[in-house]
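Here the protein sequences line up with chains A and B, keeping their order. All the letters of the first sequence, read from the start, carry residue numbers 700 to 965 under my numbering. All the letters of the second sequence, read from the start, carry residue numbers 700 to 965 under my numbering.
Honestly, the hints are just simulated from the structure, not real lab data. Some hints could be false.
Each pair may be met inside one copy or between any two copies, as identical chains are not told apart.
As the list claims (entries may be wrong) - Think about it this way: if two alpha-carbon atoms lie no more than 20 Å apart in a straight line, the pair counts; the simulated DMTMM-like pairs of lysine to aspartate or glutamate are:
| hint | residue 1 | residue 2 |
| --- | --- | --- |
| 1 | Lys854 | Glu770 |
| 2 | Lys899 | Glu942 |
| 3 | Lys758 | Asp961 |
| 4 | Lys743 | Asp857 |
| 5 | Lys854 | Glu772 |
| 6 | Lys907 | Glu921 |
| 7 | Lys743 | Asp781 |
| 8 | Lys907 | Glu840 |
| 9 | Lys907 | Asp799 |
| 10 | Lys873 | Asp904 |
| 11 | Lys854 | Glu767 |
| 12 | Lys958 | Glu840 |
| 13 | Lys743 | Glu767 |
| 14 | Lys958 | Glu942 |
| 15 | Lys743 | Asp811 |
Number of protein chains: 2
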Amino acid sequence: MSTELTIPQTGSEVRRLIREGSFNQPTSGVAPHHVQANVAILPKDVAFEFLLFCQRNPKPCPVVEVIEAGEVEAALTAPGSDIRTDVPLYRVYKNGELVDEPRTLESHWRDDLVTFLLGCSFSFEHALMANGIDLPYYGTERNVPMFITDIETAKSGDFSGPMVVSHRWIPQDKVVRAVQATSRFPDTHGAPIHIGDPSKIGISDITKPDFGAVWEQGNDDEVPVFWACGVTPQSVAMASKPELMITHSPGHMFVTDLKDEDLAVL
Amino acid sequence: MSTELTIPQTGSEVRRLIREGSFNQPTSGVAPHHVQANVAILPKDVAFEFLLFCQRNPKPCPVVEVIEAGEVEAALTAPGSDIRTDVPLYRVYKNGELVDEPRTLESHWRDDLVTFLLGCSFSFEHALMANGIDLPYYGTERNVPMFITDIETAKSGDFSGPMVVSHRWIPQDKVVRAVQATSRFPDTHGAPIHIGDPSKIGISDITKPDFGAVWEQGNDDEVPVFWACGVTPQSVAMASKPELMITHSPGHMFVTDLKDEDLAVL
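This is chain A alone, in the form it adopts within the complex (with noise of 0.2 Å):
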């Protein structure tokens, strides 16, 4: 955060500075405890496999909401919005190559592009550290450590390949209150998908993370936890090389309307 600019409060607030050019930095930290989404925007043609993929993986792919080709409004959760211009940065892939990252989509937009908002590990992260739980990278630049495991996704039509996870240390007594506190999340990956041993899930080597940073473990008493983790869409969609595919640039996520407790299932 820049130090003359206050943090914005809401989602609408956020995505009006990032629209009016005012903020374009990454989105951890801003609107407390709102809602904030990965994104995936992709032809209509490959429409229905890909909202099918996530309907087969919700734990990796959990759908926050979708805008339909020819509108640009996430007016479920973000009234108002354009996703054209209200993400801080966008990353343009083309048969799976990046070409650009820019700061709008005018000059990529089409009318058959399909938006995808897809939940993420920010709003259970809330859950952890009010229980007690401590994340040493929130807040900062660097990004929870991530694996590519051995778990295969269900596939869907061209969209398959093994499922991505975060990675966290939780102290050996808060094991259960970790498990308990991300159920109550199911559409933002929800309850971890695997505890302990790093190996069982394919994971050779803890200290080497595919995408983020590592994470020492602090002491003895640290399980490693694994939940399902909203990379998975995205690589999966990649390695499809779609004719066109658009995100948001690690960490500049959209921010809706939603507060974490609207998705709380209990």
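Starting from the structure of chain A, add chain B where the hints point.
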């Protein structure tokens, strides 16, 4: 159930008997604790809009599995199944008009049909009964009372319309428990959508359900509680008058291999 028939205990057993022609009755009470599903079959050209309708309205329209065009097997929840033969009784609608009620779909099947299996309240009813809540219609030929409300669903394409709810009388001292027990099952309608005064959701006469049989209040300590109902997606799809739509006949569900507890989030 015919008296000479042992009640089948698993989904695959039920489906085998149906396919052989030796089971042709409602499925209430068979394969106890296995997930049963509402069936909606539509042409591929409206499949994205219908799947999106379900995503936007997860309480009335929880998607258990989608069978893609060209496929007939629910590979994830009922391996070895064939949707054309494994439901005891179907209904076939053309342009919104009932034209046939066949035992198999062999004469109606087309390669462009997409099958949606949607969660039904049987799963959470077990949870209610396990918590000491009596459901007088359960295991009888009677159906739960259902009402059309004034709650609008979130539109997708041509799919829109009011939410249908099921109604149950819950003893005052069990209302909290009923909320807790059903919240665990977001994929089978989840928590109630309303507790108390029926007129608040557009129901003018609790003794005149739009579907199903009336359930008389037992005593003044019973509170009316309403859950989103799987009739909603069928009635919404029907109202759009698709060129072809196939459903299960009421009470004659598709029985999967999933157990109710497989769908619990906590």
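Hint by hint, here is what the structure shows:
no.: 1; hint: Lys854 / Glu770; in the structure: between (28 Å within a copy, 14 Å between copies)
no.: 2; hint: Lys899 / Glu942; in the structure: neither (36 Å within a copy, 49 Å between copies)
no.: 3; hint: Lys758 / Asp961; in the structure: both (18 Å within a copy, 14 Å between copies)
no.: 4; hint: Lys743 / Asp857; in the structure: both (14 Å within a copy, 17 Å between copies)
no.: 5; hint: Lys854 / Glu772; in the structure: between (29 Å within a copy, 14 Å between copies)
no.: 6; hint: Lys907 / Glu921; in the structure: within (18 Å within a copy, 59 Å between copies)
no.: 7; hint: Lys743 / Asp781; in the structure: within (18 Å within a copy, 29 Å between copies)
no.: 8; hint: Lys907 / Glu840; in the structure: within (18 Å within a copy, 60 Å between copies)
no.: 9; hint: Lys907 / Asp799; in the structure: neither (28 Å within a copy, 60 Å between copies)
no.: 10; hint: Lys873 / Asp904; in the structure: neither (24 Å within a copy, 50 Å between copies)
no.: 11; hint: Lys854 / Glu767; in the structure: between (23 Å within a copy, 11 Å between copies)
no.: 12; hint: Lys958 / Glu840; in the structure: neither (23 Å within a copy, 43 Å between copies)
no.: 13; hint: Lys743 / Glu767; in the structure: both (8 Å within a copy, 17 Å between copies)
no.: 14; hint: Lys958 / Glu942; in the structure: neither (35 Å within a copy, 40 Å between copies)
no.: 15; hint: Lys743 / Asp811; in the structure: both (5 Å within a copy, 18 Å between copies)
Hints 2, 9, 10, 12, 14 from the list above are not met by this structure, while the remaining hints are.
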